[in-house]
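A.B. asks: Okay, here's what each chain looks like letter by letter:
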Amino acid sequence: MKAMRLTQLATLALLATLGGAATAAAQSKTFTISWWGYNGEKMNANIIEPFKKICGCEIVFETGNNADRLNKLKLRDGKGVDVIYLSDSFSQLGVEQGLFQEIDPAKIPNLSEIYELGRAPQGKYGPAYTIGRVGLVYDSAKVNPPITSWNDLWREDLKSSVSLPGITTTAGPMVVMQAGKHAGVDAYDDADKAFEAVEALKPNVVKNYNTGSELVNLISTGEVRVALAQDFTLASMQAAVKTMTWAKLSDGDIATLNTVNIPKGSENVDLAYKFIDFILSKDVQQKEAEQGVDAPINTKVELTPEQAKIWTYGAEQVSSLSRIDYAKMNEAKTDWIDRWNEVFGQ
Amino acid sequence: MPTRVHPVLGAFAALVFLFLLAPLVIIVGASLSDTTFLTFPPQGLSLRWFSNIFQVEAFRRTAITSLQVAFLGTALSLLIGIPAAYALNRYRVELPRWLSTLFVLPILVPEIVFGFSLLKSITIGLGLPVYPSLILGHALLVLPYSVRVVGASLASFDFSVEEAARSLGCPPVKTFMTVVLPNIRAGVIAAFILAFITSINDVSVSVFLTGPGISTLPIQILAHMEQFFDPTIASVSVLLMLVTVGVMAVVEATLGLTFLTK
Amino acid sequence: MNKLARWGLTMPATIAVVVLLVIPVLLTIATTFGEAKGPFSTYAAFFNSGFRRAVLYRTIKVALITTAISLVIGFITAYVIAQMPGRLKSIAIIAAVFPLLTGVVVRSFAWLIILGKNGIINDTLLSTGLITEPLSMLYTEGSVIVAMVYLFVPLMILTLTGVLEGIPRDLIEASASLGAKPVPTFLQVILPLATPGLIVGAVLVFTGSFTSYATPQLLGGEKQMMMGTFLYQRAMVTFDWVGASTIAAIMVVITIAVVTIMSRIARRLNPMAV
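Protein chains in written order, with our numbering: chain A, 5 to 350; chain B, 849 to 1110; chain C, 1263 to 1536.
Wrong hints could be hidden among the right ones.
To be verified - For lysine-lysine, the following PhoX-like pairs were computed, each having C-alpha atoms within a straight-line distance of at most 20 Å:
(1) A:Lys-206 - C:Lys-1323
(2) A:Lys-163 - C:Lys-1443
(3) A:Lys-304 - A:Lys-332
(4) B:Lys-968 - A:Lys-83
(5) A:Lys-128 - A:Lys-146
(6) A:Lys-206 - A:Lys-57
(7) A:Lys-163 - C:Lys-1299
(8) A:Lys-246 - A:Lys-278
As the list claims (entries may be wrong) - Chain B residues, not near chain A, derived (Cβ > 12 Å throughout):
(9) Glu-905
(10) Leu-967
(11) Lys-968
(12) Cys-1018
(13) Leu-1057
(14) Gly-1061
(15) Ile-1069
Just so you know, these hints were derived from the structure itself, not from any lab.
For glycine and all other residues, C-beta sits at the position ideal for the given N, C-alpha and C.
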């Protein structure tokens, strides 16, 4: 009868999938990488396939966003993956929670070729493999006069036009820092005054965003015309609104670094070192930059002005960036999140 | 013979359908747009965001995983949920009240707490491999649908029919399959649909139960969205709608019914 | 049937829930009682904060309103669907289910298109001259409720259609033939019989909307923080699992309380209900 048929189908399907899952176990050495999961094709072509030849190993991924993967790593007590990609604010958390191994710079020769700020950005731990920046973007067709300073965020004519990154995103706490500067204080020392400035920003804010896609949606539908954003979102925003412009800030953009680290439970430490060295090499960095994947941090990479436009590139630009002290920021974070909630949550 | 419906009610229902379907029109439109960002009305028509799903290996792989997990998880939850629903209804008087609340617990607990706890205690604590943990997690996640929705259908089932069959000598299991089950078809199907869809779309529980080499489609899409803000996500939704129609068609073919009609 | 068989039927499900859900979650929640400041310190901290209380209140309010609206809309629609001829009915149900298949990101995009400053509604109202300035409809409690109702009406419809199908036509006809007008028939025959479905639906919708994360996040934003978004913030950003578990424990207690109340009310209407 028909229910029987369905049951038979179900049993077959069950056996098939379980069988499939079982044979998936790798025969040779397996190298596990934890990363975000996008740009898979390019990552595969530029990094994975070449590295497979170097190491003669199988490569498996754990994908997800920063928070998910770090959480899981913590629950597994630092085991399960051999190398982990994280944005700097999250790798700082990982460092503080003792999840990573200290890095021996001697095992990564290519470190000498990358910008200094990327070599050991968080103490003796993993280096940065790409450099980005956080700044202001605005629709030049709808914002006049153009934005030239962080202070412009508080402008009267920008009422109900701004979107800020949520406090839980990478760029979120930077809002607080800049608010502090606007109020003339160091946000770490005087959170009260800094948050007064954040409160003053409220009338200009339409909605805070938590993901790049949210921001692009807000911009493309015209809900906002100014935002505090990371540079990698610019291209997508410009595709939607051609007049979106990256503001030339007199007080400078803020650097963001994405890092690679070796978890303390890594089972393939030597391979991990090889891998890190590999992704910092000029060849890999060059390809990744040219193909629009990641900004190069290797100083020997050469890009045409056209290619360099979308990246943070060149010694001059790199040195103009201000840096975040992540140790201090993580310490203040919980307090800042609560205060942020109080400001925006009611 | 369907009874006549008061025109006001009919008009109201029509408005509701408009409400439900209007955003879908927008989503379908956006999925066809030949732009690298979500926009409506679509600017230029293209199927490239659909082909993108099949071309990106990560999407292909995780789509299959998601379908497998949804199917197995739902099947498992129905397997244990239908008997439970049956018992809760048939032996309502003898079984304790709190038992029925027990089976609804998966919905009461916030998903990420559930996923986190499961990962910590079961996957890591007991050393269970990732794939079975994922299936178990999903089965449990959708158990409330299997128990409650089927249970609601059972509540209006007249058990005397079953007793009659039994008293005529029909063995218990066969009675269940031939007398009870067909009459609660509507509930089982509704439960299956809700469970399957919930599983396919789930992110919060899956996030913790995925691991190296194993991931689900919604998670992969979200990862994609961190960097690319293109209409792929709209085309995935449209694809899911098509898959649902497909699943319904299969259900109709194997269980041989025109959905819920008697 | 003897006691063994009776319990045996529920055993697999019971074991599954206890082993895979109850124990792990209790273990997680147990951590909230181990704080240095005392076993209930985390809960005291929660209820002492005006902001947190406001979040809780808002979440309960939004969930209740969503449930009420979904119940009414869902019931009427399910009733109409139940009266439809075969093929049309199948199509109607499939159509009603589609909203569930849309990912939350595209759904919020769609609502952005509809309710946004440059959205369809504002464009129409502006062009007909009914308003001069675009209405700000997004990121309010209202937009969260609308988006949640959108998500949960299909759930309600699906649950109720199953139940309404089970109400024998003869009963309704009998009631009519005995002289009862449509409204009393509805109130005294259909409604009580549909109560099991109404309760199941109400429970699913209330708990779903109460614990919801993605919809309030994208359509409410920080101005409309709810328990789900707050929990996520705690767990995923500050890695404060003790804080997150506290929120979770409070949420579980409240949902159980509300569900119990709903079941009690249902039992009044139909003793066979739960």
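A.B. asks: Look at each hint and say if it fits the structure.
C.D. replies: Going through the hints against the structure:
no.: 1; hint: A:Lys-206 - C:Lys-1323; result: violated (25 Å)
no.: 2; hint: A:Lys-163 - C:Lys-1443; result: violated (58 Å)
no.: 3; hint: A:Lys-304 - A:Lys-332; result: violated (32 Å)
no.: 4; hint: B:Lys-968 - A:Lys-83; result: holds (13 Å)
no.: 5; hint: A:Lys-128 - A:Lys-146; result: violated (46 Å)
no.: 6; hint: A:Lys-206 - A:Lys-57; result: violated (54 Å)
no.: 7; hint: A:Lys-163 - C:Lys-1299; result: violated (44 Å)
no.: 8; hint: A:Lys-246 - A:Lys-278; result: violated (42 Å)
no.: 9; hint: Glu-905; result: violated (6 Å)
no.: 10; hint: Leu-967; result: violated (6 Å)
no.: 11; hint: Lys-968; result: violated (6 Å)
no.: 12; hint: Cys-1018; result: holds (14 Å)
no.: 13; hint: Leu-1057; result: violated (10 Å)
no.: 14; hint: Gly-1061; result: violated (4 Å)
no.: 15; hint: Ile-1069; result: violated (10 Å)
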